[in-house]
Amino acid sequence: MSTIAARAKAAVAASPRTQSEIASAIGMTPDAFSRALNGHRGFGALELAELARELGADLHELITGEPDPSAFVVSARHSYDPGSRTRAVDSLAGDTSVLEDIRLLYRQAGDVAPTPSLPADPAGMRAALGGGFARPFMERVEKLSIDVIRIGEIGTAWSGEIFGRKVIVLPTSGNWFWQNWSIAHELGHLILGHQGVAPGSVANDQCEAAASAFAAELLVPETAVREVCAGDPSLQGVARYLWDAGISTKTLAARLSTLAITPGDALSELLDGTTQKALRRHAGLQHEWFEPDPITARMEAAAQRHFPAWLINAHAARVLAGELDTGSLAWMTGISPEQMDIGDAPPERELSGAELADLFG
1 MSTIAARAKA AVAASPRTQS EIASAIGMTP DAFSRALNGH RGFGALELAE LARELGADLH
61 ELITGEPDPS AFVVSARHSY DPGSRTRAVD SLAGDTSVLE DIRLLYRQAG DVAPTPSLPA
121 DPAGMRAALG GGFARPFMER VEKLSIDVIR IGEIGTAWSG EIFGRKVIVL PTSGNWFWQN
181 WSIAHELGHL ILGHQGVAPG SVANDQCEAA ASAFAAELLV PETAVREVCA GDPSLQGVAR
241 YLWDAGISTK TLAARLSTLA ITPGDALSEL LDGTTQKALR RHAGLQHEWF EPDPITARME
301 AAAQRHFPAW LINAHAARVL AGELDTGSLA WMTGISPEQM DIGDAPPERE LSGAELADLF
361 G
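Note that UniProt numbering has the sequence shown beginning at 1, numbered continuously upward.
Note that these hints are calculated values from the structure, not bench results.
Some clues are possibly wrong.
Using C-beta positions, here's what the derived DEER-type ranges look like [stated by the list, open to error]: (1) Asp101 <-> Thr64: 20 to 26 Å; (2) Glu100 <-> Ser24: 22 to 28 Å; (3) Thr262 <-> Gly94: 39 to 45 Å; (4) Asp101 <-> Gln19: 44 to 50 Å; (5) Arg305 <-> Ala266: 36 to 42 Å; (6) Gly124 <-> Ile261: 21 to 27 Å; (7) Ala32 <-> Ala123: 55 to 61 Å.
The model shown is predicted, which means the values in this text are computed figures rather than measured ones.
Yeah, the Cβ is synthetic: ideal placement off N, Cα and C, and Gly gets one too.
Put together the whole structure using the sequences plus the hints.
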């Protein structure tokens, strides 16, 4: 489609709403809207922006005919209801706004180095992450040029790509084992090439199942599970495996079920309980009297806000150069703008026509 009008008309035709309803929603008369769709008058920038918002369309693509290179097409970690066999993302509406804020951070950062090719399967990913990766999982993932963002404003885990950079977004949580599974699950989406996996998307259930299978083999490989849980395993050995693998009792129980391994009574009782209970009773984790116990320390670390260092550094450099105010940097670091003593605020000025157009591009 070679014109804005043709692309807008196709987007309107794909909507279940009437042309008159859409015109009213974006503040245009039906006649003006019809003439714009048929190329007899041009769309104003604000009219196009409102049209894209109402239809959930890509504004950049409406204008240029090409997908927005800075678009953040994300996949979400779903909750699953065994009773109804349905998946959902309860925080979808609120998370969408936060993800748009994250996209803005990358636009403001300047040059973004794309993520290079990644291993194609769980075994290759385990090798790339290195031994004992579960404790420093986030840091090991970032060494592969996959950004991990952990914030309290998001409701579930998301993953996607922006400017060629692969990004995983997590909510802060003391449950490090939930975070580990979420990182592994989102890695599955990224490596398997899933895009836009959310309720209502094509092949939603199949993509979720595939990402979970990837996560299971990455974190809880079959060979390790059979070695640890075969026969009559010691509860201390199983508890240490939970700790070292960074997984929950629930995850290990589900993995045993998938592999058709029936646990003995003692192991079954352990896995029926909470992860904390299993670790505190059987893992034998030691610490000095003046140190927090390892479980508490791991919980506290998982609850910390985190943005990639390069992204923070890029914004700090632009703030120091007077090209950005401190708002985005303050949001990333969790420090109020008033407490930041870095550079001077850029002088206020009117935006040029080209800059205004770029805001809608």
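Each hint tested on the structure:
| no. | hint | in the structure |
| --- | --- | --- |
| 1 | Asp101 <-> Thr64: 20 to 26 Å | holds, 24 Å |
| 2 | Glu100 <-> Ser24: 22 to 28 Å | holds, 25 Å |
| 3 | Thr262 <-> Gly94: 39 to 45 Å | holds, 42 Å |
| 4 | Asp101 <-> Gln19: 44 to 50 Å | violated, 33 Å |
| 5 | Arg305 <-> Ala266: 36 to 42 Å | holds, 40 Å |
| 6 | Gly124 <-> Ile261: 21 to 27 Å | holds, 25 Å |
| 7 | Ala32 <-> Ala123: 55 to 61 Å | holds, 59 Å |
Checked against the numbered hints above, the structure violates only hint 4.
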